[in-house]
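Residue numbers (the UniProt record's numbering), protein chains in the order written: chain A, 1 to 332; chain B, 1 to 332.
Keep in mind the hints are simulated off the structure, nothing from the lab. Check before you lean on any hint, since a few could be wrong.
If several chains are the same, the list does not tell them apart, and a pair holds so long as it fits within one copy or across any two.
What the hints assert, rightly or not - Calculated lysine to any residue pairs in the SDA-like style (CA-CA distance at most 20 Å, straight line): (1) K46 x T112; (2) K6 x T113; (3) K46 x G106; (4) K256 x D281; (5) K46 x S56; (6) K46 x E210; (7) K331 x A232; (8) K256 x S278; (9) K256 x C233; (10) K23 x R58.
Model, not experiment: these values are computed from the prediction.
Protein chains: 2
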Amino acid sequence: MSNIRKVAELAGVSVATVSRTLKSPDIVSPRTRARVLAAVSEADYKPNLMAVQFRSRRTRNLVVLVPTISNTFFARVIGGIQQAAQQQGYSVLLCNTLGREDAERGYASMVTTRQADGVIQLRAYNPFAADAYADTALPMVNACEVLDSPPCPTVKLDNRAAARTLTEHLIDLGHRRIGMIKGPRRSPLTRDRVAGYCDALEAAGIALDERLLCPGDFTPHSGFNAAGMLLACDGRPSAIFCESDEMAIGAIKRVKQAGLSVPGDISVAGFDDITFASFSDPPLTTIAQPAEAFGRQAVSLLIDTLEGRCESPRHVILPFELVVRGSTGSKP
Amino acid sequence: MSNIRKVAELAGVSVATVSRTLKSPDIVSPRTRARVLAAVSEADYKPNLMAVQFRSRRTRNLVVLVPTISNTFFARVIGGIQQAAQQQGYSVLLCNTLGREDAERGYASMVTTRQADGVIQLRAYNPFAADAYADTALPMVNACEVLDSPPCPTVKLDNRAAARTLTEHLIDLGHRRIGMIKGPRRSPLTRDRVAGYCDALEAAGIALDERLLCPGDFTPHSGFNAAGMLLACDGRPSAIFCESDEMAIGAIKRVKQAGLSVPGDISVAGFDDITFASFSDPPLTTIAQPAEAFGRQAVSLLIDTLEGRCESPRHVILPFELVVRGSTGSKP
DNA sequence: AATACAAATGTAACCGGTTACATTCAAATC
DNA sequence: GATTTGAATGTAACCGGTTACATTTGTATT
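With the hints as extra help, turn the sequences into a complete structure.
Dropping the structure here:
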């Protein structure tokens, strides 16, 4: 493997000149530059980026903490992250944490050990919390599911408003008993969406029935099971609002299995607008989130933080859209 | 940020002793060790991994080239990769290439620039092909969709046998005109599966009808469109074999849209057994691939290559399984 | 021609670890 | 007490770039 000294020798110049030729060609005379470049290609020289990064104390790597990579919504967010990072010359270290806090802390420590410059966390947990850093300008951005008092920039949806909009859609269709399949208990995202759901009920003068709220974990299986519980409860709902499309797909399967029709007997709505939402039968009514934009925004906020450009907005709220398809209909 | 010299000073020893205390504690006297460890925690010392990697010329990073991260099958493969890599102390740099060869080459060059130790490529393209390396023991493993004459270890499925098995299942149900929605033309994976399909037809004495072969690109949309073409062709098939579950889900939607029932009028089968396969309506008959095992195997082969342990099998073929669900039935 | 000044290039310290080799020190052996 | 031996520790080179500072070269000015 050739290094900069070999190239310098070949070109008959000093290592500094080689370095300068590659980093700021304009301050090297054309003749020398040509000689150096010839030597570079002769030696098939590729700078050792480990050395560069070590010296310059920047890796241009970003760590991304993803709760589950197999969730199609996150897959889209990651797509956006990847695209924006590449455009700005950063690489992405993707970490499938499965929500394990020790794993998250482990990956986050890539920053303190200088293997990466910053972290994008897609879940409401601060992996630096225990660290000395704690509240100084963290090299972190929190997106999608956001902490209540984040010590860092955030990108999120107005989940409360989105949930309210979707619930209102169901109420407009005449539904009064609306079940909800929630995300994990501790998630602020779930809390906000439940709040939005309550807002809509209250505005319509419908009393909240706690029995209609079932926990899930965003997977189709949990949607399937939760729907089973809702069908079994007395005074069963005529509509079910699921906090993710994946759960909605599971719920629809369960409803059909009970011999009921969607939306004939029960309306089902999702959240996220993943690709499969429009291929489900019936196609899902859902809230479309701009998944790729989440990723792109998170990257720009993080790079702004890293490069000390903090004039930009620190907390971004992205727009949502109610997409009405065939899985919701008038109350029978 | 504290470094090893600060710790050495604090403990009143040399930097070498600090390094030794952390890397091979047994050759340091207990008293010194205690002093050093105290200094380490006092200074909140974390070794700069960039420096370590630079010096040791190993990054313990693996680059993974994924055609599309939003494909749920790949998501599972990645899960397996991540898990195995972590177990063996490696990090994963995930790259969503979208099949662009320049992007693939770019990411692969992280190896030549020493940002990563090796590459796992999930597509049939050798990103080092142009490089000087070419055929020396490449720090690469090719998995899932595999090159015909790979210069590196591989992990794959016997796609031909799998396609034959699935086609035989359809023939056993009485189908004689079986459509196929293929993957991209150039893919060896597609070629092998078509070969298996032909094997089964030939064994059953059914003539091949080229018009029943439609190209797709593994997405639900392409399955939807291809199914439309198959429905329109005269002598339309009574069964459709799709080379991915995602395409099968698209195809089912199209068939239903034409007012036909699955499997009453037309059977549809997929390939991969993604999570949604069992949540589709009707649930998909498909070939289950051990996706996570692909990832794990690829990682072990790569690390074997990197660490010079080459006694292990160089080409792994993983088992498949025919999963019969509700989307296939007897010929009407 | 002498001086001033800018441009081009060279020299060497530096980043923060690792490790070969040198040195010190204490216990063991004669 | 002198010598041997091995364990513990220290010294400093090294990895491969970058860059502050020094030096050389070339051009413009008087």
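Evaluation of the provided hints:
For a Cα distance limit of 20 Å, the shortest separation of K46 from T112 across copies, 7 Å, qualifies, whereas the shortest one inside one copy, 28 Å, does not. In this homomeric assembly, K6 and T113 come within 20 Å of each other (Cα to Cα) only across copies, at 16 Å, whereas the closest approach inside a single copy is 31 Å. Taking the shortest alpha-carbon separations for K46 and G106, only the inter-copy value of 13 Å comes in at or below 20 Å, while the best intra-copy value is 31 Å. With identical chains, the CA atoms of K256 and D281 are at most 20 Å apart both within one copy (10 Å) and between copies (9 Å).
Both within a single protomer and between protomers do K46 and S56 lie at most 20 Å apart by alpha-carbon distance, with minima of 17 Å and 18 Å respectively. In the homo-oligomer, the alpha carbons of K46 and E210 never lie at most 20 Å apart, since the shortest distance is 63 Å inside one protomer and 49 Å across protomers. With identical chains, the CA atoms of K331 and A232 are at most 20 Å apart within one copy only, with a shortest distance of 19 Å there and 37 Å across copies. Taking the shortest Cα distances, K256 and S278 sit within 20 Å of each other both inside one copy (18 Å) and across copies (14 Å).
Proximity of K256 and C233 under a CA criterion of 20 Å is satisfied intra-copy only: 17 Å inside one chain copy versus 33 Å between copies. For the homomeric pair K23 and R58, the shortest alpha-carbon distance inside one copy (16 Å) is at most 20 Å, but the shortest distance between copies (25 Å) is not.
Figure legend: structure checked against the earlier numbered hints; the only hint not met is number 6.
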